[in-house]
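Those protein sequence lines, which keep their order, are chains A and B. Letter by letter, the first sequence follows residues 1 to 232 in the working numbering. Letter by letter, the second sequence follows residues 233 to 632 in the working numbering.
Derived by calculation from the structure, the hints in this document are not laboratory data. The beta carbon of each residue, even a glycine, is placed where N, CA and C say it ideally should be. Take these hints with a grain of salt, some might be off.
Just a sample of chain A residues kept apart from chain B, beta carbon distances all over 12 Å, derived [claimed, not checked]:
| # | residue |
| --- | --- |
| 1 | 5 |
| 2 | 51 |
| 3 | 73 |
| 4 | 90 |
| 5 | 91 |
| 6 | 102 |
| 7 | 104 |
| 8 | 171 |
| 9 | 227 |
Below, a list of computed lysine-lysine pairs in the DSSO-like style, where the Cα atoms sit at most 27 Å apart [what the hints assert, rightly or not]:
| # | chain 1 | residue 1 | chain 2 | residue 2 |
| --- | --- | --- | --- | --- |
| 10 | B | 364 | B | 381 |
| 11 | A | 83 | B | 623 |
| 12 | B | 620 | A | 83 |
| 13 | B | 623 | A | 89 |
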Amino acid sequence: MYSIEVDRLTKIYGKGETAVKAIVDASLQVKPGELVAILGPSGSGKTTLLTAIGLINEPTHGKVILDGAMVADEGWLPGLDLKRIRREKLGFIFQAHNLIPFLTAIENVMIALEINHLTRTEAKSRATELLASLNLGHRLNNYPSALSGGEAQRVAIARALANRPKVILADEPTAALDTDNGKNVMSLLKKLAVENHSAILVVTHDHRMVEGFDRIFEVRDGVIVNETKRVA
Amino acid sequence: MNLAIRDIRYHRGRFILTSIGLGLLLGVVMSMGGIYRGLFADALAVLDATQADIWVVQQDTNGPFAENSRLPEDIRYRIASVPGVAQASPLSFQTIQIERQGKPFRFYLIGYDLNGFGGPPVITAGRNIRQKHYELVAAKAMKMELGQKIHLGLHDYTVVGITGKMVSSSGDPAAYVSLADAQDIQFKKDNNAIRNDRARIAAKVNEIQIISPAQAGFLNQNITGITESTHIVNTVVARLAPGAGLQDVQDRITRWNHFRAISNEEQTRILTKGMIEKAKMQVGLFRIILLVISAVIISLIIYTSTIDKIRVIATLKLIGSQNRVIIGMILQQSLLMGVIAYGSGYGLISLTYEKFPRRIVLEPIDLQLLFLIVVVICTISSFVGIRKALKVEPAEALGG
Ligand SMILES: Nc1ncnc2c1ncn2[C@@H]1O[C@H](COP(=O)(O)OP(=O)(O)OP(=O)(O)O)[C@@H](O)[C@H]1O
Ligand SMILES: [Mg+2]
Chain A
1 MYSIEVDRLT KIYGKGETAV KAIVDASLQV KPGELVAILG PSGSGKTTLL TAIGLINEPT
61 HGKVILDGAM VADEGWLPGL DLKRIRREKL GFIFQAHNLI PFLTAIENVM IALEINHLTR
121 TEAKSRATEL LASLNLGHRL NNYPSALSGG EAQRVAIARA LANRPKVILA DEPTAALDTD
181 NGKNVMSLLK KLAVENHSAI LVVTHDHRMV EGFDRIFEVR DGVIVNETKR VA
Chain B
233 MNLAIRDIRY HRGRFILTSI GLGLLLGVVM SMGGIYRGLF ADALAVLDAT QADIWVVQQD
293 TNGPFAENSR LPEDIRYRIA SVPGVAQASP LSFQTIQIER QGKPFRFYLI GYDLNGFGGP
353 PVITAGRNIR QKHYELVAAK AMKMELGQKI HLGLHDYTVV GITGKMVSSS GDPAAYVSLA
413 DAQDIQFKKD NNAIRNDRAR IAAKVNEIQI ISPAQAGFLN QNITGITEST HIVNTVVARL
473 APGAGLQDVQ DRITRWNHFR AISNEEQTRI LTKGMIEKAK MQVGLFRIIL LVISAVIISL
533 IIYTSTIDKI RVIATLKLIG SQNRVIIGMI LQQSLLMGVI AYGSGYGLIS LTYEKFPRRI
593 VLEPIDLQLL FLIVVVICTI SSFVGIRKAL KVEPAEALGG
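The task is simple: from the sequences and hints, build the whole structure.
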């Protein structure tokens, strides 16, 4: 079974003459434990594809199946609690870390757990453990403004992992980092995919960053033009 | 985790400053309420201290506070003999302005019969007036020391006692002297003035051609006797005997003495309705305006702080936060700001209200009502922020 299945997904922004076909007939599948990249130049439709999979951006046509459950078929299925699926099954990592500036590192992770109904104590111990495993044990009580870019992105990754999601979606997670830190983040994601057995889909425009990925989809003008499998 | 408190904790400097600023505004609203209550308390101070049942005043007047009333002092005996009256006592009131330390200083001089009632309600220092002449009891607000002398009319008066918060209905501090002294101060002129008056009257009388010089001399003496009479008071207050009917006694006095007998209740109404109604409306209007300003400011602050948090809100939505988490954060912040502002306003006003030139009376019911209003304003104000927040799309969290 796949964690992510996308079948002939099309997203059109706007209507009539100003309509923009951002993604056309895209199909892809990601298995649990796989690290997959969507690579393409600016404006090619990478974010559109990612957010359509992430229940943020309603697809115009096509199907999306997450963790075996259909969520979109010619638009979202009626009656779905999108927020609930997002917080239970999906983890998001952003270009900018998007940490909440007035919460400390540990609180930023705890909030994701608490909105998913974990008690404070449970949330605290899981967040502590998670941050420690990402080498942030000494940064628990720092505010984001006091963290380095790499540290902040690791806290954001911890937040995305907090609810042990089946699917992790990352949009340019290395764009705000230098090459070394960017590569570190990518190899961390690789490790997490294997250890946690989650499907990780990463959007990037930087081909230097996709070393070690299991598969790479290349996108041009809204169309998936190429799929590269890693040769072991 | 309480997001509202975390945000406030992180931005505490800004939050505290804004709250204190709002607090100042609410402090002004509180003081307005206090001024309003103070107007009442001031207006009724003499009335309450006198504890009379009936105020006998000149016919067809609303005296002695709202209108001028002049009565011969000796009617006190006739009032006292009305059945049902236990005690009657004359009072005189006058506003006096003197120069003190180069500045005009106004106070309210009350003359009372040392053997009657209507004198100082309490003595907080020194003693009450004991001698018939040249002793004075001053309200605290007169800022006079025991033993200090003050020159009024033709004589010096010595402060022998201090009384509490006695003021005239317009808020001037009060002082007490014996009735005789008060009449002297009000009516006795110095010798030159008396000589002038007599000469003027004599000249007039002598011009009357139909009377003989002998008659003129007789008339002259009597007229000067009347015009120099100082036995005038402004009111005679009466207390009823137990079981006496107020209306009965009022009717009797009105019917056969041609005076107006005003009950204490009517007098209260004259003072509050007639004299401070306008001031009350003015103060009330100010309070409303200030509350509207507070509401606008709170809305603006909440709205801006929501705008500042658009990305945070979008991120929260994206990671799956329920709307109540976001609504709770905004609402709680708004309420917390209101409560802190209220607290600092209250702190400010309770530290300073005694130093205001006019009396400020802080009634618990007023303060509780204001608290409720603040809570309502904060709740409503937060709606603008909440509305904005609910419209934020999770996709706004993406991008650089
Ligand atoms: N909300 C929108 N309304 C209309 N058009 C949009 C919207 N979002 C994106 N587009 C358009 O869709 C196309 C694809 O945009 P998208 O953001 O998916 O590209 P991208 O590959 O993520 O680019 P980048 O690398 O710059 O982030 C672009 O032409 C863009 O202008
Ligand atoms: Mg993009």
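Could you tell me which of the numbered hints above are not met by this structure, giving the numbers in increasing order?
Hints 2, 4, 5, 6, 7, 8 not satisfied by this model.
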